[in-house]
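Below, each chain spelled out in residue letters.
Protein chains: 2
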Amino acid sequence: MIEDKNQDRTSLAELGEFGLIHHLTEHFNINHSSTVKAVGDDAAVLDASEKQTLITTDLLIEGVHFDLSYMPLKHLGYKAVMVNLSDVYAMNGTAEQITVSIAVSNRFPLEAIEELYAGIQLACQTYNVDLIGGDTTSSTKGMLISITAIGKANKEDIVYRNGAKETDLIVVSGDLGAAYLGLQVLEREKQVFQVDANNQPDLDAYSYLIERQLKPEARKDVSGLLKEMEIKPTSMIDISDGLSSEIMHICSQSKVGCKIYEDKLPLDPQVISASEEFNMDSTMIALSGGEDYELLFTVPIADFDKVKGNPNFSIIGHVTDESQGMNLVTRANQEIELKAQGWNALKEE
Amino acid sequence: MIEDKNQDRTSLAELGEFGLIHHLTEHFNINHSSTVKAVGDDAAVLDASEKQTLITTDLLIEGVHFDLSYMPLKHLGYKAVMVNLSDVYAMNGTAEQITVSIAVSNRFPLEAIEELYAGIQLACQTYNVDLIGGDTTSSTKGMLISITAIGKANKEDIVYRNGAKETDLIVVSGDLGAAYLGLQVLEREKQVFQVDANNQPDLDAYSYLIERQLKPEARKDVSGLLKEMEIKPTSMIDISDGLSSEIMHICSQSKVGCKIYEDKLPLDPQVISASEEFNMDSTMIALSGGEDYELLFTVPIADFDKVKGNPNFSIIGHVTDESQGMNLVTRANQEIELKAQGWNALKEE
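First to last, the sequence lines map onto chains A and B.
FYI, in this note's numbering the residues of the first sequence are 1 to 349.
FYI, in this note's numbering the residues of the second sequence are 350 to 698.
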């Protein structure tokens, strides 16, 4: 993807580390009054406030988390930021700053890193986040990105994973499984391309799936939507490893069980049709697909009328006593135990 | 180093990511009241205070920043924390939390990662820092460690790089060049070992050099020493890339020049003798060696009597007008322009 696109290449060695950092970050704006000092000193400086600080970090590695043969670098930069912001939103907080560290092998020219940072910058602008620091170094192989996101929240607004109570409703934003199927489509096209490089794929039927895989959006809006509805979740987590894995985190930390209803899982029509085409079970994909970056949360049953019918949210089940375990109620009304496979496990099948 | 040491190996796949994080972090204590929630949710939660928050991050990559053939994993974990804390101390702040992300290839058994975390934990205990989060993933090659350190400082105590003024004294803590020479000794032993694996090296004459390379200590004490002396530096930076590179950062950000005096550079006797043995210029090593993790700072000339004779500090030069440039005054009283080579550049010679 980056090999054949730009003939005017600048080697990273020409710039040096400090030149590179300056070059990549000089066009980033600082928007938050809490950002006292961003890039350019030993550490960034953030202003204190009466709020609590949220800190989260994620590592993305070429060949493990992304494949540059179908992931454009600008999308990769954007997605790497989303993955981190999603964790801040899952605490019901506001993301305000990020640090970005990258390591790249010498196969990447400056123009490739600029593309990556263009995606990071677009994410910063769209989500109103300040880039405040990072580290840039060489790697012996491939590319890796390590991002730390810093957020704020009023103490009383923060939602942890451990507050779910029996009878609470289990709610999910958006829909599930599309990002995983987008990956399947892209993997298939890569195989086709390797056989016949002149093949022009028609990916219209998969546009939503591919967008969910290549350009996910973190659910910044959910916190505000919940406030408008006067709902404070009792627990919340973002769906990065698949619904099953995440609901099990909530249940184990809250010491409760759950029932999830198969017929309540929100699926986009493209997920249903692509599942059939790939001969995969759409429920399995929704449960284990991962990378949806939707939010999963629990609310008191008294909030049922507030959530019911809201197009942003689906009630997919309820919290039970811990002794009942974590179960999926199938369309045939059978209860089967949930397993945390995560998308990595799924991938190996 | 890790290949021949432990026959009882546990594969990382047996534990899984969440099992691994739990296993590695369960024995870490939380000491700061500002740490509200550490490992175990989407994000860590820190309590606000009237202070400002310092954030810094560094990435260490096998084959680029460390060589496991002579760097024991416990030392690596310790050093990876030091590298980050040093940046917080260079802002005149107190480090309170770290996040640790690691990626490891499947050549590392659990016991190797435990060693790494033992070093991280020792650093956390010694420096009173809470581990609050991170990410653990597989890599396609080797090991990498990404650490973010979070610190606090009163707004009025923070020292940036850009406050140096003409006539200020330039001061450095400890001594310079030992870590770089320690690396040279270890590299030489590695070569010898490759030729004759039965060779038993006698490294007594290099003990200080090797310790500075394998187990550096960040200068947590300097902030307190300066307060006792009633000195607030006008600028400060930590020496990770070599004195030349760091003084040039201060000068360019402060828009000043400098004179550094060759005969004032603090050198340990082992640095002098090993420099001769390696046929290298000890001044060059002090200027470009790197990895010393000492602090370099400037103080008003009025503080001369306070600093003079203090065994922790050496006055190595003074700040000049920007137009005079950045110069080294040699023992022969010649002025030569400082060059920022950094230890990477030195290594390639």
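In short, the hints are calculated from the structure, not lab data.
Keep in mind the model is a prediction, meaning the values are calculated, not measured.
There's no promise every hint is true.
To be verified - In silico lysine to any residue, SDA-like type, Cα no more than 20 Å apart, as pairs:
#, chain 1, residue 1, chain 2, residue 2
1, A, Lys165, A, Asp67
2, A, Lys51, B, Asp396
3, A, Lys74, A, Ser11
4, B, Lys490, A, Glu50
5, A, Lys255, B, Tyr419
6, B, Lys504, A, Asp67
7, A, Lys165, A, Lys255
8, B, Lys490, A, Asp67
9, A, Lys141, B, Thr486
10, A, Lys155, B, Glu399
Comparing the hints with the structure gives:
With a C-alpha separation of about 40 Å, the suggested pairing of A:Lys165 with A:Asp67 is violated against the 20 Å cut-off. For a cut-off of 20 Å, the pair hint linking A:Lys51 to B:Asp396 stands: about 7 Å separates their Cα positions. Under the criterion of a C-alpha separation no larger than 20 Å, the hint pairing A:Lys74 with A:Ser11 is consistent with the structure, at around 19 Å. For the proposed pair B:Lys490 and A:Glu50, the alpha carbon gap of about 44 Å is over 20 Å, so the pair is violated.
Between A:Lys255 and B:Tyr419 the CA atoms are separated by roughly 46 Å; this puts the pair beyond 20 Å, and the hint is violated. A distance of roughly 44 Å separates the Cα atoms of B:Lys504 and A:Asp67; the hinted pair therefore is violated under the 20 Å criterion. A hinted pair counts as satisfied when its Cα atoms are at most 20 Å apart, and A:Lys165 with A:Lys255 qualifies at roughly 9 Å. At roughly 15 Å between alpha-carbon atoms, B:Lys490 and A:Asp67 fall within 20 Å of each other, so this suggested pair holds.
At roughly 16 Å between alpha-carbon atoms, A:Lys141 and B:Thr486 fall within 20 Å of each other, so this suggested pair holds. Among the hinted pairs, A:Lys155 with B:Glu399 is consistent with the structure: their alpha-carbon atoms are about 15 Å apart, no more than 20 Å.
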